[in-house]
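Asker: Single-letter residue listing:
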Amino acid sequence: MEYTELKAYSYYSFLRGASSPDALIQEALHLGLKGLALCDLGGVYGLPKAYHALKESRAFNFRLISGSEIPILDSSSSSLTLIAPHRRAYGAMCRILTKSHEGIAKGVGGLTRARLGELLQSEPFADELILFPEWQEAWFQDREVSSHASLWEMLRDLKNPRYLPLTRTLDGLDLERSEFAKGLSEVLQAPLVATQGALFSDKKAQILQDTLTSIREGLPLKDLGLKLKRNSERRLKRPEEMIRLFSDLPDAIYRTEEVRERCTFSLSELRYHYPSEWIPKPHTAQSYLESLCEEGMKIRYPKGASDAVLKQIQHELSLIKELNFADYFLTVYDIVAFARSQKILCQGRGSAANSVICYVLGITAIDPVRMNLLFERFISVERGEPPDIDVDFEHERREEVIQYIYQKYGRDRAAMVSAVVTYRARSAIREVAKAFSLPVGTLSARKVQNELMSSSEVSEAKRNKIVEVIDAIEGFPRHLSIHSGGFTLSSEPLDTIVPIEPATMENRTIVQWDKYDLDILGLLKIDVLALGMLSAIRKNLDLVGLELHQVPGEDSRTYDMICKADTIGVFQIESRAQMSMLPRLRPRTFYDLVVEVALVRPGPIVGNMVHPYLKRRRGELPVYLPDPRLVPILGRTYGVPIFQEQVMKMAVTLAGFSPGEADKLRRAIGAWRSKGSMDEMGLKLQKGLKVAGIPDAFAAQIFEQIKGFSEYGFPESHAASFALLTYVSSYLKCHYPAAFLCSLLNSQPMGFYSPHSLVDDAKRHGVNVLPVSIGESMWDCTMDGVNTVRLGLRYVRGLRETASRAMLDERRQSAFVSFQDFISRTSFDLRSLRALAMSGAFAGLRLSVRDALFQVLSLHGGLFAVEGAQAELFPEVRMPKMNFEEEVIQDYQSQGLSTRGHPMKFLREKILAIPRMRKYASSTTKTVKAMSHGSLVTVPGLSVVIQRPPTAKGTAFATIEDEDGVLDLILHREVFETYRDVIRDEAFFLVKGVLQRDGYAAQVVVKRLDPIFSEIEVPIAPGAHARRY
Amino acid sequence: MRIQEESVQEWWCIDLGQSELFEKEVFDRLTESFYRFTPDVVQGRNRIFLEMSRTKHLFNLNGFMRRAEALARREELDASLWRFGIADTLPKAWIQTRWRAREARLLPVEAYFDFIDPLQHFELNRSMRERLSVFQSLGMKNLEYLFTVPKTAWLVRFGEEFDSFLESFEFGARFPWNRFVPSVGLQEKTRWNAEEYVIDAESLIFRLKPMLDRMCERLYSLRRALKKVEIILKLDRPVPDRRIELNFAFPQTSRSLLLKLLRERLGREMDRNPLSDPIVEAEIQVKEAVKRDHENTRFAFSERDEIEGGQSERWVELLSYLGLKLESQGQVFQAETTEHLLPEKSWKKVLLSDAKVDASLDSISHLYAKRPIQLFSEPIPIFRVGPYLKQNQELFRICEFSQEEHLEGYAWDVEETQGFDRTYYRVKVKSQEGHLQDWWIYKDELLGKLKLHGVY
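Read top to bottom, the protein sequences are chains E and D.
The first sequence runs 1 to 1029 under the numbering used here.
The second sequence runs 1 to 456 under the numbering used here.
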């Protein structure tokens, strides 16, 4: 006799199932089951992964059955499991699941009994779904079958095949349960079917299931009592065991086979097409794409395309035709065309920039032929996966693009891709510690972990158990979230392919699968991403009256500025690590920028490519290329393979790989480091290089370097796309610093630096920044002359935009002449007025911050309100005046920045008053930078950025700022650990360390950090804290 | 209205150093105990003020502190947390205690609220915080700054509140503060003629009932339940009063039940020690009354209980009776089912004093298969011999196996249940004499041994 488990829950039944879909499939195969129905609660989240696991295992006789359990909203703890026997019924199940989530942003969704019955009758093919009405354990206590059966009265009107699931969990109640089930089965006319309702794959996973129950119930394990399963019977079991358990009900076992036979649906049947109804007749998708390419070529190559371009286009078009991707390219083109029509700046990124078709269609901005890029990095026949086009849009206007997609294709055909939020180490530590009754409270995960490891109250055995569970639970899904920009579209209703559910964010719907699931099933997705710098560039270009293509190329002043690492606010090269690299690499051409952008990434750093590249570039090491065929491949990067594309080209040119194989090689490299050895592809490359006559030493060095690609790195095409924005933003900063600042301030939040750092940097470049004023400021920051920026009302914390805009309209009629005039003509509420007063915006009306605040508080409804005419009986009240320090602090509190000065300016005066610190008062970032290599330095400053990249082995990089500029700090692991609390809690430090100098680059290797506020009592200004990455 | 006093006052403030409010009874008792220092005692929020100008010469500060510490110990309080302050006015004494500052003008603006309400102010509420933040925004770091603005500007804005502040700040609010008055203990007394001849329990109960009813009413209004009561009986002869103390295992709220208990205990007392003379006066004093359960909002039996016979009250009565009978509360317990995996730990002893009022409601029993009433603390080894189970050299024929129950220890519970793996069966067996027995046996899955764990 054979057995199929008809109800298994993976860990996508969030906080209920304790095994991955993969583990369930593996175990089911191991136990010799004939099939398994994955019936996660409220969705089909785990199906693609189970399908993938099955495909990988090549078990062709095993059947993965698609199902899902829908909670019944009007009966607590009751639910109906749906099983899809074929493709059409699967579509119906997805639609019903979609409906079960409508209006419920979080959780497993659910339907009322009546609504579910209605849907099972009305949805096409829903009547072919197999139903398992679930029943509550408590029902059989009173043995009143008829009263409970009435709850499933809706089944009477349905034609669906149905079975009553019966579990044998050896809890001592199996006989009573079975007796009750027999009665219920008769009444419902649903024959009994055996199932274990598997919550986990094997016995070992029970501890995880218990822990998940603890997390779900919010109670420690020891307090859960019988909420925990009293044995591990809810696991997958061997057919023999099931047969023994149901020896009195053999038919219940036979019926599992009956159901299995009925269920022929496989996810491989899912086929879909991109919407193409908008393609003009009589074009096919391919012909329309070809015609658009021709038109695009005229724009991109006004002097005519070269043979290389034409050849490349033909190659790409034929490949697209072969793989049937024309619809996909057209959809992306359509979205980009919409953005262009709305003057929304956009640009393709990632491997799409390898495609000349993407370039001529205007999706990407880099000419891959001129840049000698490699198309197979984007699409290859061998890969068998859909291409991935990521397009960046102005972050403030991306919503318009998203709404366009929803509008054009409909919410039934367009939805965003989900992202599965999983347990990370930190969350796992806290949650598991709570489950094991450790005192967690508000302690950080690190402190909980320390407590766990050092506590004498926790036995060694228990400690090991906790660590074991933490490790196991890491990576478990917690909930679904929304992908940053992934969209999937379909010509048919999408909800027949995958259920759609509302995301927490308003007006967003997501499919139940993430991007990996889409890849598994070969479904296409488009990434509609948001990029703050595009908004800033668009605004900047508008301010200076330029178009993107009018930005002059290869401007030497711009490169001078970049070489000095004067790049605060510039795209990509403003990070602490990039800024320290700039004076060493000294970019002078666009391609240098491409390399700069790509070089400071974990891949090249781990692959030890940085120093060889820099030394060869500076001429300190000779460039050695043993074969002339390597010159076009590695020549531009001085013989160092910085990009994956270079390795692919080497493989094709020297080792006889096909382009597709080269792409496979690229993917395989990722696993070399973790495996510790090369795979088949690597060996082939090694052999190929040897045959090509490449010396062993050179090949070995190349191999060492390309192992770094297992870490994150940029493809050359992506680096080139980003470098373009880097160049444009650098050019704008160099030639239009005021407009550049204005655009950045109007595009916040974005970038590495807080607005106050951007303002201070601009001021050091001679830009005048004027404070907020009710008489002058607009909502956004504005240019007040060529070199002056006026802060906008948007920077006043707590001010509402609508009321502000109404005030601006009123001001256009006539200027405000007094506070009373302002109050009488505007509609701000007291809160907004208070915010305005605190920002100093009434200075133009000769009211200081405090006087204005007093006036606002004295208005009707205010804290100091004087009712009636009494106020007139008393003289005007003047408040104490603020000093410089108070003004700066007030600015920070009100706007997060100050136009008056840097807080270090007044702090320096305070430092002078402390004997222990007095001698450091005159030390500034500027004086420190002027010192020689190896000098011991002590300098106070405001912490503005702290980075601790995972690949830096615990080293942190920070930047401090004062009125003279910024200074980079390096904090090695021990120093960082010693001063962790200071770094976390304090805004102002006194830094002691050793100055390191490499050309223009200067940074301090920190030995000691002291908080300045421990000596000086100054309120910490909110907004003056460092941004942490 | 301010009363001008000629004599100089001296206010001592004791702040009990605790943010949560004290239980009123404890705090009242403590406050009352300070009467030994002065009759002018004022109670605030977790703080006590003593006007000591007339009695301070009787104490030195050290002696006062030591005695205060003794009073704290009596109430099981930690006097090391207490803070003291002395000033010529009550508000200043509080300011001195809280802020330890001589110069009031330099106090932070927050002290504004201490001056307004020295008795009750403790922490800032939302509106106070908002006000304070505004003061600070206006650059008013301490109270002195408040006076940089004309007082009239504040008076017109804050009116009475600012007036109170000024009164307190500038004049010390020398008005008569509400003195603490301790509550009177609960007692009922009644006299009658000796001719009425009350000498046994029954006739005494008859006399006591109206008093008991009144007392219950008073307790009810105070939301208290009776825990301990003393009955003092005066006899028609100059002999010491007969004092009978009744300590109830459960706080009582029900008049009828109380009467039953009283009848039983007085009856026993009178049986053991009969009265020599008639009683002429009876007094009932409440010695201890505890806070009443919130759910028990009705004083007497609920209607349901009245109709259904007061099942829960009778349960309590039974437990009380058993407690009396066995004369040791530790021997009377209620076995309550608990949600524990191990059968031997799936119930717990609940001592008489902690037992639930109504033990009949067991909300979790349905989660278990039926368990035997008798459970052996040490399971007895048994062996299977063909169709028989052998226990202690005796063979029992197996008639029926049922109710398979598999219990496995939790992998996470390394200290208690890990390694536990048993499969239980309910087995009907017949002894050689033909007696049928219903056993609960298990097979230890790790050791492969059978054991008898209980009998149905």
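Mixed in with the good hints, there may be bad ones.
Stated by the list, open to error - Derived, one-sided and incomplete: chain D residues facing chain E with beta-carbon distance under 8 angstroms:
1) Leu-146
2) Val-149
3) Arg-157
4) Pro-274
5) Thr-337
6) Pro-343
7) Cys-399
8) Gln-403
9) Ala-411
Think of the hints as simulated: they come from the structure by calculation, not from any bench.
Because the structure is a prediction, the values reported are computed rather than measured.
All C-beta atoms, glycine included, are put in the ideal place defined by N, C-alpha and C.
Asker: Once the shortest beta carbon distance from D/Ala-411 to chain E is found, is it less than 8 angstroms?
Answerer: 4 angstroms, holds
Asker: Are D/Val-149 and chain E close enough, Cβ to Cβ, to be under 8 angstroms, as the hint says?
Answerer: 5 angstroms, holds
Asker: Do the numbers back the hint for D/Arg-157, that is, is its least Cβ distance to chain E under 8 angstroms?
Answerer: 5 angstroms, holds
Asker: Hint validation: D/Pro-343 versus chain E, beta carbon distance must be below 8 angstroms. Holds or violated?
Answerer: 10 angstroms, violated
Asker: Next item in the hint list is D/Pro-274. Is there a CB on chain E closer than 8 angstroms to its CB?
Answerer: At 54 angstroms from the nearest chain E Cβ, D/Pro-274 fails the 8 angstroms test, so the hint is violated.
Asker: Hint D/Gln-403 vs chain E: min CB-CB distance below 8 angstroms?
Answerer: 5 angstroms, holds
Asker: Using the nearest Cβ pair, does D/Leu-146 come within less than 8 angstroms of chain E?
Answerer: Violated, because the Cβ-Cβ distance from D/Leu-146 to chain E comes to roughly 11 angstroms (cut-off 8 angstroms).
Asker: Hint check: is the beta carbon of D/Cys-399 less than 8 angstroms from a beta carbon of chain E?
Answerer: With a closest approach of 16 angstroms, the D/Cys-399 hint is violated.
Asker: Is the interface hint for D/Thr-337 satisfied, with its Cβ closer than 8 angstroms to some Cβ of chain E?
Answerer: Violated, about 10 angstroms.
Against the hints set out earlier in the document, violations occur for numbers 1, 4, 5, 6 and 7.
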